[in-house]
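Chemist: Protein chains in written order, with numbering that gives the first Met the number 0: chain A, 0 to 219; chain B, 0 to 492.
Hints listed in this document are in silico derivations from the structure and should not be mistaken for laboratory results.
The beta carbon of each residue, even a glycine, is placed where N, CA and C say it ideally should be.
Hints may contain errors.
[Stated by the list, open to error] FRET-style restraints, in silico, Cβ to Cβ:
id: 1; chain 1: A; residue 1: Ala123; chain 2: B; residue 2: Thr406; range: 40 to 48 Å
id: 2; chain 1: B; residue 1: Ala60; chain 2: A; residue 2: Gly72; range: 43 to 51 Å
id: 3; chain 1: A; residue 1: Ser56; chain 2: B; residue 2: Arg325; range: 27 to 35 Å
id: 4; chain 1: B; residue 1: Arg25; chain 2: A; residue 2: Arg79; range: 36 to 44 Å
id: 5; chain 1: B; residue 1: Gly189; chain 2: A; residue 2: Leu111; range: 32 to 40 Å
id: 6; chain 1: B; residue 1: Gly189; chain 2: A; residue 2: His218; range: 30 to 38 Å
[Unchecked claim] Computed footprint of chain A on chain B, listed as stretches where at least three residues anywhere in the stretch have a Cβ under 8 Å from a Cβ of chain A:
id: 7; stretch: 21-33
id: 8; stretch: 131-144
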Amino acid sequence: MSHDLYVQLLDLACGVLLLTAVLVLWRRELAVIIRVFALQGLALAALVAVLAAHEGSIELGAVAVGILVLRAGVLPALLRRALAAAGEERRETRPLVNVASSLLAAAVLTLLGYAVSQPLVALAPSPATQAVAVGMTVVLIGFFVLVTRRRALSQLVGFLLMDNGITAVGFLTTSGVGLVVELGVSLDVLLAVLVLQILTTRMRATFGDTDLDELRELHD
Amino acid sequence: MTHLLLLAPVVVPALGAVIYALAGWRRATAWVSAASAALVLATAIATSAAVVNDDPHTVLAGLLRVDALSAFMLVVIGAIAFLATAATPDHLRTEIIAGRASSRTAARHCLLVQLFLAAMALAVLAANLGMLWVAVEATTIVTAFLVGQRRTRPAVEAAWKYVVICSAGIALALLGTFLLNYASQHTAPGAGLNWAELAASAHTLDPGVTRIAVVLLIVGFGTKAGLAPLHAWLPDAHSQAPAPVSALMSGVLLSVAFYAILRVKVIADAALGTGFARTLLVVIALASLALSASLLLAQRDYKRMLAYSSIEHMGLLALGAAVGGRLAIAAVLLHILGHGLAKSVLFLGSGHILQITGTSRIDQVRGLAARQPVLAGCFGLGVLALIGLPPFSLFASELGIARAGFTAGLGWAMAAALVLVLVIAAALVTHTSRMVLGAAPDGPGAATASPRMNVIAGAALVVGLLACAAIGVTTGPLHPLLSLAADLLAGTP
């Protein structure tokens, strides 16, 4: 693969990554959010595949396939199942911050992401590290979704968005941190989502809803 | 031999979990949990002896490694797990009789606790930051269902908050891990995330990247350790989890997460100078102390009271770590053990109080000393230990942290911390004396409840307090281990 093509594909994958994160903030239909999230998983897998092709690493290629299966297949399927069980409440109603302000916040977070990434780029300038800012921004947007959304499922998506961003940063800075750790990380994320999904079901059973405003039993 | 010794703390509880998965909860398996914890404690002591006389060991292709610090943490895990699991059969039996649990819940409880122990042992034995991260995240997943075991509204809510906040916090630590890996790949190739090699080559790390990584790692693992600003899960989870699980979470889980911060600080100090991590930790510590003091003053729930006191003690640990140096670090390690013992006794005691009175509100528990002298005595003494009265070891360790802090030029932070600690002590004593002292209430319900306490469950409380007092009088055989571990962390041979 020529250098120019590599850089273009890399930037394309990162662009989709960032765009999907912003789309999650913009849309309110939970079904659409899940579809956007699956698209982001695809972009992440593509990103790793591009890196694998560039480095000619078969191991990294295998990791890309793993990411594709987990983040564009398994996790969205789990989310969809949780949504199907939810029945009525299919929209993110009344987020703490409205859509227009959320998009403005996303712009600010992007600037912050770029600012934070400066030392990272300075250490080893390359097309890959220059794209780290996108990963950072996705982490920040994920955190933002996590703290401003009220539906349990939207919070779950926020957490997964953070995780996608972190994975992107991990692969863009270095080619991962060793296969054992990589496997452990993926397994942990999968289990965390399974646990949260079961808890969502239990919350629906005890609270009759997964609007987290209902969570008012415990406070000081 | 050392291979077996090193693997045992992870493998034995894992086997215990298999036994519960296959055999379920019955008379014969009730004590498997305690037996496995006792084995963990025994191997931890044997490992400590081996580490004191010998160099650190590495096994499993460099994935696991034991040095004085991990050996000490293993002793903490083993000791507190033994207390908590010894009290578990009585707790579960009472719950089953009261109809709040079934034998299936009990079997699952024991299974998850065993996995919880295995994950914590793995965390302190992990030779590299990546493995440590995986193990700490695994503890979140395993304990999620323990927190939500009762399936009531508050329990499910606490479990949800626990998993969401801890996973998000620990995700920040993962980002920090990746960045540290990036920094080490460029300046010290081959070191990867290995603790020993990272610490040795830390002075070459790029400061810009390491600074971001250290902030993320300390805030991330600090979430799991219950430090401000991401502490919100702790009072909920600790008040809703079954008593033995609260004891384990407060006594060891928080310290295991704090252990990660101690390791990170060694790297941060070498790469960025002592000032950076110190400032960060002092801010976090004072915020945690202030928060705990303000919420303890008007606290109405005794389990939440204990939970906020855990935040206080984690704040003190962070303060001690910020001071650094041999004295402070040795005091921090002693504090980890002392706080673990005292707090697990208190949580186990609070479990009994909850089972006897049926309420977790402070104002509805009156005259405990008249009805349950042993329980009330242990609870009262436990709180006295917690506020740092001699002969309990928290006195010695808090004194050590304060002395080191004043000599290290952190006088203003220490003075602020001491004021907050005094406020907290006053609040704890006031609330506890209301519960323990006074005449027994003679309203409805008072006549029914006064079952005798189970002998073994009572013994666990007494043994915990005695151990806490004993290490306060003399660290004895722990001394060489503590000083070795302090050398390791303080950076001076």
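Chemist: Compare the structure with each hint and give your call.
Modeler: Going down the list of hints, with the structure as the test:
Range check, A:Ala123 to B:Thr406: about 41 Å between beta-carbon atoms, so the 40 to 48 Å window is met. In this structure the supplied range 43 to 51 Å is violated for B:Ala60 paired with A:Gly72, their Cβ-Cβ distance being about 31 Å. Under the hint 27 to 35 Å, the C-beta atoms of A:Ser56 and B:Arg325, about 45 Å apart, miss the expected range. Between B:Arg25 and A:Arg79 the Cβ separation comes to about 40 Å, which falls inside the hinted range of 36 to 44 Å.
For the hinted restraint 32 to 40 Å between B:Gly189 and A:Leu111, the CB-CB distance of approximately 33 Å keeps it satisfied. Range check, B:Gly189 to A:His218: Cβ separation about 50 Å, and the 30 to 38 Å hint is violated. Check result for the stretch 21-33 of chain B against chain A: violated, 0 residues qualifying (beta carbon to beta carbon below 8 Å, three or more required). For the stretch 131-144 of chain B, the stated coverage by chain A is satisfied: 8 residues place a CB nearer than 8 Å to a CB of that chain, which reaches the threshold of 3.
The earlier numbered hints that this structure contradicts are 2, 3, 6 and 7.
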